[in-house]
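Asks: From these two lone chains plus the hints, build me the complex, please.
Here is what each chain is made of, one letter per residue.
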Amino acid sequence: TFKSNPKKQEIMKWNGWGYSDSKFLYNKKGQAEFTGKRYRLSGMIIPGLREWMESTFSANLQHKTPAAPILNSSAVQPPTLNEAFLKELKSTGIPFSHDAEDRVFRSHGHCLHEIFALREGKIGRVPDLVVWPNCHNDVVKIVELACKHNVCLIPYGGGTSVSSALECPPEETRSIVSLDTSQMNRILWIDEKNLTAHVEAGIVGQDLERLLNESGYCTGHEPDSMEFSSLGGWVATRASGMKKNIYGNIEDLVVHIKMVTPRGVIEKSCQGPRMSTGPDVHHFIMGSEGTLGVVTEVTMKIRPMPEYQKYGSVVFPNFEMGVACLREVARQRCAPASIRLMDNEQFKFGHALKPQVSSIFTSFLDGLKKFYITKFKGFDPNRLCVATLLFEGDREKVLQHEKQVYDIAAKFGGLAAGEDNGQRGYMLTFVIAYLRDLGMDYYVIGESFETSMPWDRVLDICRNVKARIVRECKDKGVQFPPLSTCRVTQTYDAGACVYFYFAFNYRGLSDPVHVYEQVEHAAREEILANGGSLSHHHGVGKLRKEWMRESISSVGMGMLKSVKDYVDPNNIFGNRNLL
Amino acid sequence: FQPVTPVVLLIFNPMLKKRDDFEDMLEERRNSSDLRYALKCYTPVLYKGLTPCKVSELKQMVLQSDQLGYVITQVSKEKGVTSDEVTGEAAAILEEMAQRLQLSTVRFFAFTLSKVFKTLFRSICINEEGLQRLQQAIHNHPVVLLPSHRSYMDFLLMSYILYTYDLALPVIAAGMDFMGMKVVGEMLRMSGAFFIRRSFGGDKLYWAVFSEYVKIMLKNGYAPVEFFLEGTRSRTAKSLTPKLGLLNIVMDPFLKGEVFDISLVPVSISYERTLEEALYARELLGVPKPKESTSGLFKARKILSEDYGSIHVYFGQPVSVRSLAESRVNRSQFNLIPRHIPTRPSEEILSFVNDSAYRLVRAQEENMVLKPWVLLAFVLLQKQAAEEKQGTALDELTEQAVWLRDLSRQYGAFLHWPDHIPPSEVVSSSLSLHRGLVRISEGRVQLALEQGLLYPGFVILSCASYRNQALNVFIRPALLASAIHTAASNRKQEIYNSFSFLRNMFSNEFILCPGATVQDFEEACYLLVKTGTLQINQQEVLITERGHRTLAFLTSVLDPFLQGYQVVCRFLCEQDGLTEKQFIPAVRKFIIKHLLTGRLRYTEVLSSDLQKNALAALIRLGAVQKIKGNNYCFNVFPSEARNRGL
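First to last, the protein sequences are chains Y and B.
The first sequence begins at 1 in the UniProt record's numbering and counts up by one.
The second sequence begins at 1 in the UniProt record's numbering and counts up by one.
Just so you know, not all the hints are guaranteed correct.
Claimed, not checked - Simulated DEER-style distance windows between Cβ atoms: (1) Met557/Y to Pro342/B: 31 to 37 Å; (2) Arg549/Y to Pro342/B: 27 to 33 Å; (3) Glu27/B to Arg383/Y: 39 to 45 Å.
Stated by the list, open to error - Derived EDC-like pairs (lysine to aspartate or glutamate); straight-line CA-CA distance at most 20 Å: (4) Lys54/B to Glu96/B; (5) Lys118/B to Glu23/B; (6) Lys48/B to Asp380/Y; (7) Lys243/B to Asp203/B; (8) Lys474/Y to Asp261/B; (9) Lys256/B to Asp456/Y; (10) Lys545/Y to Glu172/Y; (11) Lys148/Y to Glu172/Y; (12) Lys18/B to Glu523/B; (13) Lys115/B to Asp307/B; (14) Lys219/B to Asp456/Y; (15) Lys40/B to Asp166/B; (16) Lys48/B to Glu345/Y; (17) Lys474/Y to Glu326/B; (18) Lys219/B to Glu320/Y; (19) Lys219/B to Asp460/Y; (20) Lys256/B to Glu525/Y; (21) Lys256/B to Glu320/Y; (22) Lys48/B to Asp460/Y; (23) Lys542/Y to Glu114/Y; (24) Lys256/B to Glu550/Y; (25) Lys626/B to Asp576/B; (26) Lys48/B to Glu320/Y; (27) Lys403/Y to Glu419/Y; (28) Lys476/Y to Glu326/B.
Stated by the list, open to error - Computed far set for chain Y versus chain B, every beta-carbon distance over 10 Å: (29) Pro95; (30) Lys243; (31) Gly350; (32) Glu402; (33) Lys564.
Simulated from the structure, these hints should not be mistaken for lab results.
Here the structure is a predicted model, which means the values were calculated and not measured.
All C-beta atoms, glycine included, are put in the ideal place defined by N, C-alpha and C.
The following block holds chain B by itself, in its conformation from the complex (with noise of 0.2 Å):
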């Protein structure tokens, strides 16, 4: 690696971060009436190219674009069948998966959803310049809508959001376990909901379907396509690793030149209160996820009667296609075959996606807003790992909370800390909406632990959710931390070296962009030069007087994740072998002997996310592999794991 340039940290400072002011959307529903809103005119602003067409009229397009044809003609010549048996086929996989945008069912979800939101939420807060950006974004080119992950509420807030500022009506790309609650899979698909399977990994015909279907409304600018980078709600409010399928298709008419450019447009997302809390940690825990069932979703009814905080929802600034492309992409290599004739993206074309993808997710993080008790679920969970079993002291909190608030703004973090109310006042209003996870008795405060073991795991891994929100945050300077604790001198070639491995292992469980190892590690010694933490020279990195704190702190942060990993191994090196399906629950069991044992401090390991990473990690770095078969085993190499360091 090399030296820190001036112009590299330029795009570091965290204090450049510009971004724009919130205003609270329900004060307006609180004050007038819900049903003139959800009958008021509505006209948005539409992309200037468009030309208007109906339901029917898209799926025609489809139907008949060449693309298809082109794959229609392959099939029937492949299995022997007639063109239009597989036209067909073709007709029928465009009718389960296309959405029916109406304005009436908007305007009932508009309405519904006004009376639930007031009940739920104390405030829905929109920064209303990014969707002024937004609304020239729309006019001026296709658009994506790229919302983080974190709730079912996510892609029903956004239509609503959209509906409310008169901007036009996405159309939502959605998982196809919805269409078993039928009649709100309709009503979905009748406010812009269209629904993929979850895998058609050979289906070529499904493929073109669905693929063209999305391009076609894109291109002829129909409505702002939307979805889920994070392709499925997260479970431990860390960012998901993009999934670059559908990323690959709307970036597909730009770089074929069929567009002129295309905005990506960047929507975060965050809730104080998660409406899934419960249910997510349940489920990491290894209780299985309920099938969707709109009996389901009306048992939830329980829910209305508590009180989740605020939502922040965030529009980032658009991203053009054409921007990031610029000397990346060479567009010229779509010249010599007909478009209309699907063709596997090159290598240049995939790490161009990925790295976008990686780009977007990053500026989602960016703009996710981090509410007081993020930090304390920090706190808590370190003391709690301490075993410190009194609890702690609510000055002790408050001020720790107070360092915590001053080290993640330099960071950067985008933290709404009202700095105008003591901040005990703050701690504790934090605390009482989520008095569900803590216990405070005498002046003391603990996570509310009760006896057993799944119990606490699941109050420990609520609370992780939490804490796990500003991890993006940290994670650079926290592997930078680790990096200096475990590496053998204050050597920076050494230090440097125990961070890529350390980055390398867990590229599974942070957005961490493959091949950014000297940007990530030039950005984290950056950060904990600035904040006087360390001192770095030609050859040596040195710990300042003050900086241990700091250190101390960041080094915590990766613990309960590295000793997590270490567990995964040790468990792996005493197998001779186990097939996919053993794995999590024998995992499971080993973990909670440790945990019992006392071996092993961090509950929140229980967490099959963390698990799946783990093992991930770990074929990724060839330490296990996976073998196929009737049933897949892995076959572990405990020499080769001691000998990379595991």
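For reference, chain Y alone in the conformation it holds in the complex (with noise of 0.2 Å):
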């Protein structure tokens, strides 16, 4: 057996988020402190944190719910091996592995019941074999022998998926090969006079951002699990990144994608900008979710890295008046790279991760005090929300933009709250999926969802899920008030994305996880009764392809299905997402 690149895996938590040295612990004063040296909040001790945890959820330090430490490899059922494709597996030279830690590793994603589940020590149906094809050809390579075998293809990424996506379907019988991408992470090529890049798509966004930012370019996409998840997977399930407003979604940034499928290779003959060429097929592979083949290459386009970046914060004395304003920004067309929307609940969890010691963090309430304690007079703690802003571009031209922004929410009763306020909103990108494994060693669960929505519905939905939420969980027999929480983290001309997080303790309760799936599901039909779209960018994988059908149509099912039939008439690629 060959083990590949195990960097990755080894410093990696087997059953949670993230770096295996950075975490949330309580120390033994009864502290919140994060661990590591990673982020900008490493080592640092946040005094607010157990207070907030404490009263949000009725969490109490005494009551631990710790997770199993190591993997049993017993629990994990021996893999189903083909042995005609693995003998000819092994003439390739491709590096493969059948162990027990490398087949659990790519068995989830980071939905709520798959971590729970691995804390739990439950493993499920993972994948038999794990092969590291190194480039296009070992993926053209496997994808014959697999077609030739009748073996079961899962392609992996980053393994960040939070739609069940990467779920061994439990009535496979085949052999099931994950395909991890890993080890093709390299860019080919960069052409400056187009400005555009040619990257394998295993790349990492972190790293394709740091090798492309050493030549002085960047792609500016940047979802919120950049750190870890790939170029490919981003093709795969239509990613969107924070700073869209400036350099687009993964559609707007992919001018050529190379993928294998079982019928072959589909790529275009040109890197033209834009072609009138029947339907775009680029537009099957983005959002194809695995069902169709293996994304190998990538060309993106690159922009020469921003001059000047700035961070800003506004704060409105309540969450109609912040949309209201988000609103008005899009209408006229100059949001900055990221603007973004807490509500009330969000903004006291942001002013809880407050860490101690800081010349950088500054609080809200510190800011506040300091400059707009007598205009502040009017706001209700309980009620005002907070912007983030972020702008990017030269000088000059950024600081031009702030005042037109910062001018139009003056309109809406927004009133600047300065930088650190904005840049710390950012930082807790990172850090806040941290934060649900310290939940989950106290018996809090919880997770996030995200929807798209026109304008005019973007406060109805706010309330009605959050609302709906509360209820079926006093319903379902949670005993403490759920958070139930959202903020508007993307505008466009016709609407705007949100998303939602909701957490609750589940002290009491028989099975926790059965019962948050279940006002997740009442959460996402209250979405979609409401005008809200299946998805924004998370995909739909196999946890809303329930709603696939009253979502596209029946014919554009149909459309997709005939898509898949002809690509992959032996379902090699079958993890079963999407339709």
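Replies: Here's what the structure looks like:
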């Protein structure tokens, strides 16, 4: 057995989010602390977190629910190997493994039920084999062999899926091979004349940005998962990045895609910026969620690195005013690189995450006390909400742009609340995923989910979905009021993207994951009933596929199905996502 | 139909109905200062999502709404006038319509009504638990109050109660006819009434202003919105077929996702004696209704000297629109059109609103308090129709009333019969409260029918209006009893068919939800089997030994209506078409003729309500056709009517 590039797997948690060395914990004094050295928050004490957790969830430090510390390999079913496939695979020299840890690591994404099961040491169906192709041609070989020997392939990139897309279908009887693209992580060329880069699809977001930065470029594509998610995964799920207002979403960034399918390789013959050649075949690939093939190489737009970046934040008297401001910003098409609006609960949550000693992390209230105390008097601390901003570009334009946005905000009662607050808001994006693991140590489970909707429905959906979550928790016997909060994370001409966060203390429930899933299901029903979409960028996977038909119509389903039937008649790419 | 399933039975079981206790709110009024009460500190619990706003701001919100804006543009294009003109028109409509709720007026009413109520009524009994539920509902969601409508008193009484218990004061949809009374109209406006024209069918602008006004008050949680599902006061004390317009409007914000939920609160107001008792009977007999006028109201002062017994007001369980709509309505149907563009509600929505309306009216009916007099009215009317000239002995009347008491309780009636008092006393005190309608001599009781035809009609219709209060308790079993009576055999299927026909025939007369025939049949079967009247096996329906008395009674419940409908049919068969205006006077003449010759036993058939319902049913069933022209003509198809078993 060959074990390739063990690095990533060894520095990352097997049953939680992110790096093994980074996590929230309560130290001996009972104070919350974030360990490690990787993040701004690393090594810091967060004094407000404990009280926030105790008061928000009625959590108690005495009531712990620790995770199983190490993977018990005997809990993993022995692999079902296809000997003929294995034999031919060996002859190609492509690295592979059927080690239990390797298989379990690639058997899941980060849905709550997936992580909850791992923490309890429960392992379901996992891939039988992991292969690590090194380049496009390796993938071609693997797919050919899989077709020849009727083996099920599941592409694996960064493993950050939150749609059950990586779960092995329990009904799959064939040998399942996880095709890990992590070794395909090179930038093959940069074309400065056309401002494009040709990149292997296994590259992880942060590496792509770092490598391009070395040449003075960036893609500007920054999804919240960019530390771990891969280019191929972005394409396969129709990802969206924080700074899409300047750089665009993945579908705007991609110029050319190469994908290996059971029928052969699909790619366009040129790199023209736009074509009228029938329906764009890229759109069969983008969002196909690993059901049609493996994306191996992508040509992407690149931009010179921005000369200047500036964070900012605005406090609004209430969420309604905040949404009205974002809508106006979108109407005037002057959205900064990023503009996000947190509701009151998230504002309080952000406040609770203020580290103890810091000059950078000035709390909102500190800032407000200093500058706006008088003006601020009219704001109700239980209603106010905050928008965080990120401007990018050349210095002069940024400052001009900043003024324009703050002027609009002022019309909606918004008060500028400082750069630090803005910056901290974006930093929290990266550490928030670690917080779920802390919650799970103390009976708190939760998750986020997203949607998109027309502007006129933003407030209605936010209100109704939050209220539905609260009501469903009560109906399902949750003993404590849940955290049910949202934020507007993207603005478009015709609508916005909204993220919901939802968590509750599950003490007293016999099957908390089931309750969680029922509530999330109800919340999605509520979103759909109110005119929200099934997903803005997380994708459908297996978690949301029951709603696909009503989302895209039966004819739409038939179209997708006929593509699948043509491209992959034997369902080699058998993760059963989407359809 | 399928045999009755245990799960369904559970729903029907009247013994499972739990009702709250009552408190008399007048008691405190009799023991403390009315003035201090009228000036008390009033701090109601408000909707949690409320952004407080003034009456004028409310109007601005309506005029600036996208909904109204859209219609204004449309109307200005159609009529070729500037949108400013149309906006002006809209503002004028709104001005005419809008309420101007102010606390000082409410305090004035609180004071005055305290005085009036104490004079007129012995007690006003409220279920305080219902008010607690209402308070909770007001805090959580926009609330719609749906009282039953038997008297002009209803809405003043509602506001009076809510004020007394420190609950949010409602805004009330009132008919424009009140506006005729200048001072009173304005007073009502200042106590929360807003005025709607009785008909505005084709007027888009009016509709838009009206619906937007109601929705904005509701959505913002400005105040609970109150209206009468029945649309108008029931002159017969039977619930009227619900009107759907306003219910449609208040459900819309939920269906379109603009609020999380809306609570509908059915309120049952039962009067031991209705103030309008005499007025209604006169109206039903065709003496025209006096136009509401302030001076007319003062003439009504003589009623102040009479004893009207007690009022019971029962605030029912709030009904969540969200739960009603769950797995009934696909809300995503509103996703593809901007919500401010007015659209005709889909079939799905219409049938949902209709079913909900029936459910709510039934909820009102179920919590109506019935007094012993209601049961006496049953007996006395039956005796009268049987032409027992010498009247009924008091102890026989008591025996029959007690029998009826037990039966109605088994059927789930909300009967207020004081069990600690001997039945004979209960009966005599009921008779004394309604002494205008009965005559007692030598220990025998009968209706106080004098000479002539109209005056007895007057007493009989008054009396019928009390009996009618309990019809909803008996209607399903009565339909079944009549079906058994008319069916050619005791085969279950045949009885069902006959039940279904009768039910269909009478669906303008009673609250019978369209499409619920099977449920109603099962409910009736269940009640009659449970009470030992019937035995039902796979194929047959058998009457038990002791069931005959019950069946005879139940058949007699429906009999006046059956005969009434038959007379109307007979009348129509003799016509070659007549206009809508001619119908009532002509049919009345025909009926009087039949009454005088003794071919018709039931004087109550003189009720224009019954005559109109019968005609509407015949039109609905296609036995009579309405031809639109200069004057509406009815074309009768006698052969067809006969074919349909009429």
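Asks: Against each hint, give a clear statement of whether it holds in the structure.
Replies: Here is what the structure says about each hint:
no.	hint	in the structure
1	Met557/Y to Pro342/B: 31 to 37 Å	holds, 33 Å
2	Arg549/Y to Pro342/B: 27 to 33 Å	holds, 30 Å
3	Glu27/B to Arg383/Y: 39 to 45 Å	holds, 43 Å
4	Lys54/B to Glu96/B	holds, 17 Å
5	Lys118/B to Glu23/B	holds, 15 Å
6	Lys48/B to Asp380/Y	holds, 15 Å
7	Lys243/B to Asp203/B	holds, 18 Å
8	Lys474/Y to Asp261/B	holds, 16 Å
9	Lys256/B to Asp456/Y	holds, 12 Å
10	Lys545/Y to Glu172/Y	holds, 18 Å
11	Lys148/Y to Glu172/Y	holds, 17 Å
12	Lys18/B to Glu523/B	holds, 18 Å
13	Lys115/B to Asp307/B	holds, 14 Å
14	Lys219/B to Asp456/Y	holds, 16 Å
15	Lys40/B to Asp166/B	holds, 10 Å
16	Lys48/B to Glu345/Y	holds, 17 Å
17	Lys474/Y to Glu326/B	holds, 17 Å
18	Lys219/B to Glu320/Y	holds, 15 Å
19	Lys219/B to Asp460/Y	holds, 12 Å
20	Lys256/B to Glu525/Y	holds, 14 Å
21	Lys256/B to Glu320/Y	holds, 18 Å
22	Lys48/B to Asp460/Y	holds, 16 Å
23	Lys542/Y to Glu114/Y	holds, 13 Å
24	Lys256/B to Glu550/Y	holds, 18 Å
25	Lys626/B to Asp576/B	holds, 13 Å
26	Lys48/B to Glu320/Y	holds, 15 Å
27	Lys403/Y to Glu419/Y	holds, 14 Å
28	Lys476/Y to Glu326/B	holds, 17 Å
29	Pro95	holds, 48 Å
30	Lys243	holds, 29 Å
31	Gly350	holds, 24 Å
32	Glu402	holds, 31 Å
33	Lys564	holds, 26 Å
This entry satisfies every hint, going by the numbered hints stated previously.
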